[in-house]
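Residue strings, one per chain:
There are 2 protein chains.
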Amino acid sequence: MTFEKIPYKIYLTEDELPKFWYNVRADMKTKPAPLLNPATGEPMTFEDLRPVFCDELIRQELDNDTREIPIPQDIRDFYKMYRPAPLVRAYCLEEKLQTPAKIYYKFEGNNTSGSHKLNSAIAQAFYAKHQGLKGVTTETGAGQWGTALSMACSYLDLDCQVYMVKVSYEQKPFRREVMKVYGASVTPSPSETTAVGRAILKEHPGTTGSLGCAISEAVEAAASQPGYRYVLGSVLNQVLLHQSIIGLEAKAALDKYSIVPDIIIGCAGGGSNLGGLISPFMGEKLRGERDYQFIAVEPASCPSFTRGRFAYDFCDTGKVCPLAKMYTLGSNFIPSANHAGGLRYHGMSPVLSELYHQGLMEARAVEQTKVFEAAEQFARVEGILPAPESSHAIRVAIDEAMKCKETGEEKTILFGLTGTGYFDMVAYEKFHNGQMTDYIPTDAELEASFAQLPKVPGQE
Amino acid sequence: MTFEKIPYKIYLTEDELPKFWYNVRADMKTKPAPLLNPATGEPMTFEDLRPVFCDELIRQELDNDTREIPIPQDIRDFYKMYRPAPLVRAYCLEEKLQTPAKIYYKFEGNNTSGSHKLNSAIAQAFYAKHQGLKGVTTETGAGQWGTALSMACSYLDLDCQVYMVKVSYEQKPFRREVMKVYGASVTPSPSETTAVGRAILKEHPGTTGSLGCAISEAVEAAASQPGYRYVLGSVLNQVLLHQSIIGLEAKAALDKYSIVPDIIIGCAGGGSNLGGLISPFMGEKLRGERDYQFIAVEPASCPSFTRGRFAYDFCDTGKVCPLAKMYTLGSNFIPSANHAGGLRYHGMSPVLSELYHQGLMEARAVEQTKVFEAAEQFARVEGILPAPESSHAIRVAIDEAMKCKETGEEKTILFGLTGTGYFDMVAYEKFHNGQMTDYIPTDAELEASFAQLPKVPGQE
Chain A
96 MTFEKIPYKI YLTEDELPKF WYNVRADMKT KPAPLLNPAT GEPMTFEDLR PVFCDELIRQ
156 ELDNDTREIP IPQDIRDFYK MYRPAPLVRA YCLEEKLQTP AKIYYKFEGN NTSGSHKLNS
216 AIAQAFYAKH QGLKGVTTET GAGQWGTALS MACSYLDLDC QVYMVKVSYE QKPFRREVMK
276 VYGASVTPSP SETTAVGRAI LKEHPGTTGS LGCAISEAVE AAASQPGYRY VLGSVLNQVL
336 LHQSIIGLEA KAALDKYSIV PDIIIGCAGG GSNLGGLISP FMGEKLRGER DYQFIAVEPA
396 SCPSFTRGRF AYDFCDTGKV CPLAKMYTLG SNFIPSANHA GGLRYHGMSP VLSELYHQGL
456 MEARAVEQTK VFEAAEQFAR VEGILPAPES SHAIRVAIDE AMKCKETGEE KTILFGLTGT
516 GYFDMVAYEK FHNGQMTDYI PTDAELEASF AQLPKVPGQE
Chain B
96 MTFEKIPYKI YLTEDELPKF WYNVRADMKT KPAPLLNPAT GEPMTFEDLR PVFCDELIRQ
156 ELDNDTREIP IPQDIRDFYK MYRPAPLVRA YCLEEKLQTP AKIYYKFEGN NTSGSHKLNS
216 AIAQAFYAKH QGLKGVTTET GAGQWGTALS MACSYLDLDC QVYMVKVSYE QKPFRREVMK
276 VYGASVTPSP SETTAVGRAI LKEHPGTTGS LGCAISEAVE AAASQPGYRY VLGSVLNQVL
336 LHQSIIGLEA KAALDKYSIV PDIIIGCAGG GSNLGGLISP FMGEKLRGER DYQFIAVEPA
396 SCPSFTRGRF AYDFCDTGKV CPLAKMYTLG SNFIPSANHA GGLRYHGMSP VLSELYHQGL
456 MEARAVEQTK VFEAAEQFAR VEGILPAPES SHAIRVAIDE AMKCKETGEE KTILFGLTGT
516 GYFDMVAYEK FHNGQMTDYI PTDAELEASF AQLPKVPGQE
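Chains as they are written, first to last, in our numbering: chain A, 96 to 555; chain B, 96 to 555.
Think of the hints as simulated: they come from the structure by calculation, not from any bench. Treat the hints with care, as some may be off.
A pair counts as met if it fits within one copy or between any two copies, since identical chains are not told apart.
To be verified - With a straight-line Cα cutoff of 25 Å, these simulated DSS-like cross-link-like pairs (lysine-lysine) come out: (1) K191 to K224; (2) K104 to K351; (3) K126 to K498; (4) K506 to K100; (5) K191 to K229; (6) K525 to K261; (7) K465 to K525; (8) K261 to K498; (9) K124 to K275; (10) K191 to K100; (11) K175 to K104; (12) K224 to K126; (13) K550 to K351; (14) K275 to K191; (15) K465 to K380; (16) K506 to K191.
Generate the whole structure from the sequences, applying the supplied hints.
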């Protein structure tokens with residue numbers, strides 16, 4: 096094999112690490128719709144949000160205008176423990192596919208949380224510490240976010256209380272143990288520790304929980320303990336802001352070699368990775384400086400972009416959170432039981448929802464057996480065992496590269512490889528044994544879910 | 096926090112990756128003792144070894160003279176997929192310990208095998224492929240080596256047959272599944288697929304297996320299938336040669352900033368990591384150019400350096416392998432059932448054994464509860480969740496840094512962080528729950544084991 100001069104991995108130096116997060120909202124002509132108070136139907140104010148979120152994070156959440164927000168030095172120091180993350184040229188995958196396409200991926204899995212979630216966890220924990228708080232509460236499903244937050248809190252000596260969806264708590268004991276190594280307390284949700292948990296347990300004894308339910312418990316726990324606030328790993332504007340470090344680093348690395356991607360691909364659950372990856376590129380597109388093709392990839396079993404409604408909806412099942420305008424499948428929607436990985440949130444980041452609504456990006460839904468096929472193909476040539484979530488992006492990157500093979504086009508493809516699959520071997524085993532199946536919700540199911548969308552003035 | 100100018104992580108560029116492995120034997124005045132044919136008591140020749148090992152690997156095994164051995168381009172290309180591995184300045188650990196010592200670690204865990212084992216796996220698989228072989232066989236205990244070999248074979252389209260100690264096969268299904276993702280066949284050992292396996296099963300029905308037994312099976316499987324050879328992940332001279340890349344990269348990174356370590360620390364099971372890490376530094380010591388303090392760290396429950404005999408012994412339980420002169424606890428020695436991690440081999444690399452015997456390095460035995468204390472302390476400030484094996488080195492690095500705190504000495508400490516502990520959460524859980532215990536073999540136990548050492552001319 097002979098390769099070009101572009102290295103396998105492009106690392107920025109620590110001096111080249113971004114000093115600012117980029118706020119894509121500043122370049123959006125139509126801003127994402129504000130969060131609404133479900134009781135009044137009015138936009139949530141700074142004061143409305145203070146019982147739940149840290150002050151500085153509320154400012155970031157509401158700031159649609161400041162383009163660059165400085166990254167505090169303490170956060171930059173923490174970033175140096177695991178960043179810069181490499182931009183990898185997928186030479187081996189290209190050769191395997193015999194494609195003229197050039198494939199790059201930004202790899203965010205080289206840290207113990209196993210994903211990009213740490214980028215926002217440390218920021219949120221830092222602002223909580225800076226405000227003099229005692230601790231934070233959160234929910235976690237598969238466990239990446241809970242692990243990331245426990246790492247950040249351990250570093251800052253901050254208490255960390257994680258509500259983990261009960262079925263994951265029981266089926267993923269190792270994830271739970273990692274969080275405990277970092278000193279977090281992990282409670283299976285629904286639990287007896289909150290009023291909302293007790294109510295759900297009373298109504299549905301034996302339930303194995305859901306992400307929406309764990310969110311409700313974590314929010315209640317934060318609001319009811321002095322010196323605590325709630326933090327969330329995706330969906331929110333502030334999270335996309337912190338995750339812009341992914342795209343900023345990727346862009347800086349590409350710029351070093353004058354590489355311009357034609358297509359940028361990311362998996363999408365709540366949108367934190369996709370939003371972070373595309374932000375600086377989308378900024379150029381919004382400012383009319385350069386055009387890119389953006390592709391969001393979501394599971395066919397949880398297709399919020401491709402089959403959801405663009406409407407105000409609750410962010411949680413317990414309906415204790417504000418309403419957000421987003422592509423949603425309805426806050427009661429839970430993906431089919433055979434769905435293996437993450438990317439199971441019913442809604443989508445309001446920022447990405449607005450960009451998608453404006454036609455500035457595309458979305459594709461893919462079935463999980465096809466996703467695991469791509470994951471295994473990737474692992475065998477590129478070495479890295481990808482997370483099921485990340486493998487959604489791999490699937491479409493391979494599809495696009497194969498299109499280039501047909502047409503002969505030498506497109507440059509960039510995708511986000513958000514994390515590793517070391518805690519997902521049960522799913523890989525099912526795939527291997529031929530026990531993995533696909534499920535696509537029917538139109539009737541979705542219609543039934545949409546029928547429960549909240550009534551909001553000005554919304555059908 | 097304010098930090099010095101040395102970055103958190105020193106990465107070499109791909110151009111700076113070593114082009115040669117360094118063979119420390121070339122600088123040893125007293126060479127390691129040769130492998131002996133157990134039937135004749137004579138040194139094993141090239142021809143003797145050909146039924147079991149690849150030709151080029153035998154040449155490397157027997158070569159005590161060539162100082163630098165070129166790394167083939169294909170192996171260097173593979174190395175670029177996950178190397179250079181970073182040299183990390185443990186700023187956060189230093190601050191936590193409030194020590195004047197400067198601590199560096201070479202981190203080898205950023206690849207899917209989760210350890211340094213991949214460095215030799217790709218070399219051994221490459222030479223097998225180059226010789227036109229169909230496949231390789233091996234044994235694995237905890238699973239790092241098996242995973243590494245399956246990754247290398249998958250990349251080269253080579254068949255990979257792994258005999259996995261039965262108790263690990265059953266208790267670590269995820270490790271097994273990772274190997275399957277990479278296309279390896281994994282057989283629980285002892286098995287019905289080999290004569291030696293059948294004999295052991297007949298004699299000890301219900302046995303859960305051992306590393307020595309799995310080695311015997313893998314060797315038989317290689318010798319009985321045309322186009323197959325056996326490969327081993329540690330102990331052998333060739334493995335230390337390949338692993339010298341760890342030390343070469345570490346030294347190159349240190350040299351960039353004119354840093355000279357005072358103490359170099361590595362965990363030691365069969366010696367592959369320790370030997371690789373210290374090789375180029377030991378070369379300088381052997382040539383009289385510079386002095387270093389080297390410390391091997393082993394489990395108190397498997398103390399081959401600190402309590403073993405320097406004697407010829409079998410490399411495997413089934414006694415189908417050649418005899419090696421090494422520090423050994425006896426080929427029947429099996430660490431106590433409460434021993435959690437790897438580092439459970441009864442012997443030690445002949446190269447390291449000879450160096451230790453000459454007083455060129457020290458060794459310390461540490462108890463596992465103290466090791467996990469260090470692991471957790473490290474994880475909480477440095478982010479990385481370390482493997483139990485690697486944590487032996489962390490333990491002694493922290494001990495040495497605390498000595499510096501007492502004396503006020505500003506020593507520079509370098510240690511090898513061989514891998515990550517994502518598949519070791521059962522052990523972490525036991526530690527957390529206070530269920531982890533220590534065990535130190537009694538003198539009587541060891542004497543009984545030594546009594547079974549083979550009779551070799553010139554050996555007591």
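Now for the hints, and whether the structure bears them out:
1. K191 to K224: between (48 Å within a copy, 18 Å between copies)
2. K104 to K351: both (12 Å within a copy, 20 Å between copies)
3. K126 to K498: neither (35 Å within a copy, 58 Å between copies)
4. K506 to K100: Within one copy only: 18 Å inside a chain, 40 Å across chains, cut-off 25 Å.
5. K191 to K229: Close across copies (20 Å), not inside one copy (52 Å); limit 25 Å.
6. K525 to K261: both (21 Å within a copy, 22 Å between copies)
7. K465 to K525: within (13 Å within a copy, 38 Å between copies)
8. K261 to K498: neither (42 Å within a copy, 46 Å between copies)
9. K124 to K275: Neither. Shortest intra-copy (44 Å) and inter-copy (50 Å) distances fail the 25 Å Cα cut-off.
10. K191 to K100: So K191 and K100 pass the 25 Å test inside one copy only (19 Å; across, 42 Å).
11. K175 to K104: Classified as both; 17 Å inside a copy, 8 Å across copies.
12. K224 to K126: neither (30 Å within a copy, 58 Å between copies)
13. K550 to K351: neither (50 Å within a copy, 64 Å between copies)
14. K275 to K191: between (41 Å within a copy, 20 Å between copies)
15. K465 to K380: Answer is neither: 31 Å inside a copy and 55 Å across each miss the 25 Å cutoff.
16. K506 to K191: Answer is within: at 17 Å inside a copy they meet the 25 Å cutoff, but 49 Å across does not.
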